[in-house]
Amino acid sequence: MSLLKCENVTLGYEGKEIVSNISFELNKGDYLCIVGENGSGKSTLMKGILGLIKPYNGKIEIQSGGVGYLPQQTILQKDFPVSVNEVILSGCLVKHRFNPFYTAGDRKAADEAAKKLELYDLKKKCYQELSGGQQQRVLLARALCAAGELLILDEPAAGLDPIITNELYDIIDNLNKNDDITVIMVSHDIKAAIKYASHIMHIGVSSCFFGTKEQYLTTESGKSFLGGDTNG
Amino acid sequence: MDNLLSVFSYSFMVNALIAGALISVCAALLGVILVLKRYSMIGDGLSHVGFGAMSIAAALGLSPLSIAIPVVTISALLLMRISINSKIKGDAAIGLISTGALAFGIIIVSVAGVNTDLNSYLFGSILSLSDTDMALSVVLCAVVVLMYIVLYNKIFAITFDESFASASGIKTGIYNSVIAVLSAVTIVLGMRMMGALLISALIIFPALTAMRVFKTFKTVSVFSVIIALVCFFAGMMISFWLSTPAGATVVAVNIIVFIVFSIIGFIKTR
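Chains as they are written, first to last, in my numbering: chain A, -13 to 218; chain B, 9 to 278.
Source of the hints: derived by calculation from the structure; they are not laboratory data.
A couple of the hints might just be wrong.
Cβ pair distances, simulated, as ranges [stated by the list, open to error]:
id, chain 1, residue 1, chain 2, residue 2, range
1, A, A144, B, A150, 20 to 26 Å
2, A, I149, B, V146, 54 to 60 Å
3, B, A143, A, R83, 34 to 40 Å
4, B, L126, A, Y42, 53 to 59 Å
Below, a list of computed lysine to any residue pairs in the SDA-like style, where the Cα atoms sit at most 25 Å apart [stated by the list, open to error]:
id, chain 1, residue 1, chain 2, residue 2
5, B, K162, A, K14
6, B, K179, A, Q59
7, A, K14, A, S210
8, B, K179, A, D175
9, B, K179, A, T60
10, B, K162, A, A90
11, A, K109, B, T227
12, A, K64, B, R46
13, B, K162, A, F84
14, B, K162, A, Y106
15, A, K109, B, K179
16, A, K64, B, E170
Positions of the beta carbon are idealized from the N, C-alpha and C atoms, including for glycine.
Bound-form chain A, shown alone (with noise of 0.2 Å):
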């Protein structure tokens, strides 16, 4: 059964189509990187997913009890003033309804999230004392909260080095093997992307790929990154 289904989708804002007549399937445990230049497209397709613009044509279907959501850091986080254990847990709201404050449940599942990102330590701690490495596994641990089985994540290594960023991808990595979670990624970084992903998506100007990692790499933009050069 499929988790998420997008039939002829076309997306836009005020009017101007973006990206049109996108068509494609996830399995759960599926890894999709959605990969393309700037303004291709990539994050209006991300924001039609979660929800927040509502396509003009066809439809999009999620079989999730939640989707997590790991937008890209904004500047007036860098000195907001709150603890890890504060930012975790605002991603439970996702299943409140009617209830204004955090279960004891929320609380179980926030140290679970913090646990499994190595957080719990720092639990007490004030995000802006950390790493930016350490932030972005601090909003991870956040869209775990929310997350049923689908993590949709935005540029996730944007600003963090090599070395940060290769641990993040393993973490991603470790939660969609091991814990059978599926992760759509937007990325500039079509390398990690063909090292991790199951399935590509590439969103050109006039034409658009969706399909798994091996029959991208038969395409001739998946050749053109094989040749070793690639402005991807």
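Start from chain A and add chain B according to the hints.
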């Protein structure tokens, strides 16, 4: 001691102390949100709009609040919308609206020959607080405190990360509007005592001061209220004894406490 208690023998003073304390609590709580969302200057802009609206009300012989509250509320919603759409535009828009409203207000006050003292609008007066102000302050404070407690988790989520909050199904637009409306009412009620030029200090200072030392959302929220109340009462007492203007004295105390907290924060992080 007699001197200290003599403050309470004046009924206008009791009114001012109660209403002012309640407004300080509202301003401090809303201030935490506004400062963290980088909306601090909206408070400043709104108070100038409030000045313009009040001078129109005075010229027309209407009660100041009946004009100022709706006008400032609408401006707050507009400014919030502009700020969300584009940062730089929002910044400039606030400057435009606030100076425009101020200029407009000054012209009306001088041309219409309103007998209310211009000074008391700009710099505040504790004599201007009526029983209506008192009643409104009580209602406003109850609404703001209740909202802050009940919606605390959602308010945090929206302030910290609006995209995540809306992806979690929180209707961020509604919450932002509620915060804008409450800020508008707080500013209108507070500006009569503090003055149009000084009311935004009540919004900005307590939150910023608390953030020097405290590092979680909960402690910052709680301590900005405590700081606001301490500064307000200290400022009022000092102004009573030294016969200095109340609003300006409260702001001066806020500055001193801010400096003290900055030093404490600096020592703590070293």
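Hint by hint, here is what the structure shows:
A hinted range of 20 to 26 Å for the beta carbons of A144/A and A150/B is inconsistent with their spacing of about 44 Å. For the hinted restraint 54 to 60 Å between I149/A and V146/B, the CB-CB distance of approximately 57 Å keeps it satisfied. Restraint check, A143/B to R83/A: a C-beta distance of roughly 35 Å satisfies the suggested window 34 to 40 Å. Roughly 55 Å separates the CB atoms of L126/B and Y42/A, a value that falls within the hinted 53 to 59 Å.
In summary, the hint linking K162/B to K14/A is not supported, as the alpha carbons are separated by about 30 Å, beyond the 25 Å threshold. Proximity of K179/B to Q59/A is assessed by CA-CA distance (about 20 Å); at most 25 Å being required, the pair is judged to hold. Simply put, K14/A and S210/A have alpha-carbon atoms about 30 Å apart, too far for the 25 Å limit, and the pair is violated. In summary, the hint linking K179/B to D175/A is not supported, as the alpha carbons are separated by about 33 Å, beyond the 25 Å threshold.
For the given pair, K179/B sits about 20 Å from T60/A by alpha-carbon distance, which is consistent with the 25 Å threshold. A distance of roughly 17 Å separates the Cα atoms of K162/B and A90/A; the hinted pair therefore holds under the 25 Å criterion. Between K109/A and T227/B, the direct Cα distance comes to roughly 16 Å. Compliance with the 25 Å bound is thereby established for this hinted pair. Our distance criterion of 25 Å between C-alpha atoms is met by K64/A and R46/B, whose separation comes to about 13 Å.
Of the supplied pair hints, the one linking K162/B and F84/A holds, its CA atoms being roughly 11 Å apart against a limit of 25 Å. For the proposed pair K162/B and Y106/A, the alpha carbon gap of about 23 Å is at most 25 Å, so the pair holds. Proximity of K109/A to K179/B is assessed by CA-CA distance (about 28 Å); at most 25 Å being required, the pair is judged violated. Distance hint between K64/A and E170/B is fulfilled; the C-alpha atoms sit about 15 Å from each other, no more than 25 Å.
Checked against the numbered hints given earlier, the structure breaks hints 1, 5, 7, 8 and 15 and satisfies all the rest.
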